[in-house]
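Asker: Sequence:
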Amino acid sequence: MTDKSNTLLVTCALPYANGSIHLGHILEHIQADIFVRFQRMQGRRVYFVCADDQHGTPIMIKAQKLGRTPEDVIGEMETEHRRDFAGFEISYDHYYRTNSPENREISEKLYTILRDRGYIQVKKISQLFDPEKKMFLPDRFVKGTCPRCHAEDQYGDNCEVCGASYSPAELINPRSVISGAVPVMKESEHYFFDLPKFDGFLKEWINSGSLPKEMANKLQEWFDAGLQQWDISRDAPYFGFKIPGTEDKYFYVWLDAPVGYLASFKNFMTSKGIDFEEFLKESSDSEMVHFIGKDILYFHSLFWPAMLHGAGCRVPNHLYVHGYVTVNGAKMSKSKGTFIKAATYLKHFDPECLRYYYASKMNGRIDDLDLNLPDFVARTNSDLVNKLVNLASRTAVFITKKFQGKLAASLDNPELLDSFVAAREEIAAGYNAREYSALIRKVMELADDANRYVDEKAPWVVAKDESRNDELQRICTTCLNLYRVLITYLSPVLPKLARDSAEFLKTDLSWDNLGTALLDKEIAPFKALFKRIDMKSVEAMIADSKQDLQDLNASENKTAAKKGETKKDGQSGKPSDGKSKGNEDAAPGIITIDDFAKLDLRAAKVISCEEVPESDKLLKFQLDLGNGETRQVFSGIKSAYQDPAALVGRFVIMVYNLAPRKMRFGVSEGMILSAGPGKKDIFLLSADEGVKPGDRVS
RNA sequence: GGCUACGUAGCUCAGUCGGUUAGAGCAUCGCACUCAUAAUGCGGGGGUCACUAGUUCGAUUCUAGUCGUAGCUACCA
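Numbering of the first sequence is given in this note's numbering, commencing with residue 1 and proceeding in unit increments.
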């Protein structure tokens, strides 16, 4: 850290009010909390805030479905989120909400300035519209048949079966997830934030040390691709803030979400009688850092700083980006029971086990972190119980039994204690750099030294000789002082154990008094400070998580066919977001004969077929449709048909009345039908002998 | 396909700005100890540092390529 006298604002990504906190979220909050607790111990003026992110279509839909108001739904979720974070000892100074007056005020203010400075543009766009519900549909709220592999019941942005991505207008038999109605294309005015204007500023900002170097390339990709105008408006009905000067336009949830950092901070500052405006000024000497997951880097490294800068405000000083959580080496999976909610974890384990385990594997980089459950159990027991707490346990008994709980007036080995205290700088550097794993390794090394010391001194032998009582007392006093140093080092990670240990030692644990040994004073009788954990609890937690899934399925949708764990929302252990992805199931994909009649499917004969060298998936076909008509069609089946020449002469089925599509390699005038899960298993549909080019399928 | 990371003992991870026998914890085996939540200490076994080529006196460490994993990205009408 630089100047310790200025204010430091620390935030975690705002959890979306559409779902529960899970162990992916918790990683980030623990990482930030450890950082903040350490800064507080250093006497830094630090504020740690967060909030629920409460706007957007998914919230609105969920409320409708439950027959409740959005306010009601988000209120309940906020309570749950607060409880979960408190359960993990996340020490927020303030936890607020985006659906708040402060957030409306700051969002409007930023927007108005940006607009007045010419950074907002209005453009007409076409989008699918639900004629029954009278609302525009985000991609994830349209489902239909995948245009490529014809898997049914796929979302409007990509196919979970074959991995194709497309626009929702391309789905076959598109349906509104909300009403089941057939969506129609409709034009609407949208407001765009002129991100490309900030290209120069952003490049500079990114190279100013605000981001780890390893992400420069990733960001560079976005620059190379060219920054795009950012669509910041949504049409009514929408749960959010109305855009000033409009009747039916609302801020897209991702606009006011990061503003929520400031709203939370402002609400807090105001309640303390501190000036918030000063903090926002471009010239502010305060610092602002955001802990985020790599999935939302785009929003925080481009839109957010550009918005602030464009509005003449200060920008973030650092983004601390982390990776995803995997469980037992794989993505969190609901069906495996490794999609574990925070509340579920807390039913089975002490929060500090996970705080410690995560910390023991965390570094300042964006690598994913694996929660290996057997390892989690082993590590907790061996490090925390066997090594660390055991130091107190194995020596405190003597102090209590033979010396009425009183520590000796001097140490048996002051040099050893000095060497422990000497590690403080190294440990502090680890906290500042968020290299928690390195610092914990160091602490455990010291714990090993301490245990070795006790073994060498063998107080249990000394205790048998009454004449050596003073020596015994000094040995145990030394060990307890070693323990005190270690637990002080770990107190940002293990706040509860630190509190309990402070009570046991009848002292305050602080960084500053590390150098002063506890001597000639009374301590409390030792009680078990940390309980051993076992795999049975892990199994119980997994079983519980599976039950969570079943409950969810039962309450969410009784009709939709379930395909294992294909639901995307939050599957990957992503710590945040979820906004762009509805997690509702579609209405049954039944269509009428009239719908089917809209399709003009025809048999066609392959005149030629060749690879598209620039693409690894496409084959280019010339098809004979009879009456001298030929069509050029591209199809993404190269993976299954390595020898395109072999297809010449055979019949295929094509969608004849599909709108032509311009592609990089030419125009595709239809679509060839095939079936199968993808990759090597794609099989062209064909017709029996006798069919002629151009015959309709009916 | 492009780009970026990553691939080190059974497991989880360090480390090497190129240099004698590559480390830790857990697990495992043996010994010691018995104060402690069956904890602790000592010692042993266990790794072609993904693979291949190159640079070099010397590569696990550098370069290139291959394979595998992950992410972003193009395309998949």
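Be aware that a few hints might be false.
The calculated label-pair distances, taken between Cβ atoms and stated as ranges, are [what the hints assert, rightly or not]: (1) Arg468 - Ala543: 50 to 56 Å; (2) Lys521 - Glu278: 41 to 47 Å; (3) Asp600 - Asp368: 32 to 38 Å.
Note that these hints are calculated values from the structure, not bench results. Just so it is clear, CB atoms sit at the ideal spot from N, CA and C, and this is done for glycine as well.
Asker: So does Lys521 sit 41 to 47 Å from Glu278, Cβ to Cβ?
Answerer: holds, 45 Å
Asker: Kindly confirm whether 32 to 38 Å is satisfied by the beta carbon distance between Asp600 and Asp368.
Answerer: Since Asp600 and Asp368 have Cβ atoms about 47 Å apart, the given range 32 to 38 Å is violated.
Asker: 50 to 56 Å was suggested as the range; check whether the CB atoms of Arg468 and Ala543 agree with it.
Answerer: For Ala543 against Arg468, whose Cβ atoms are near 53 Å apart, the range 50 to 56 Å holds.
Violated hint: 3 only; the structure is consistent with all others.
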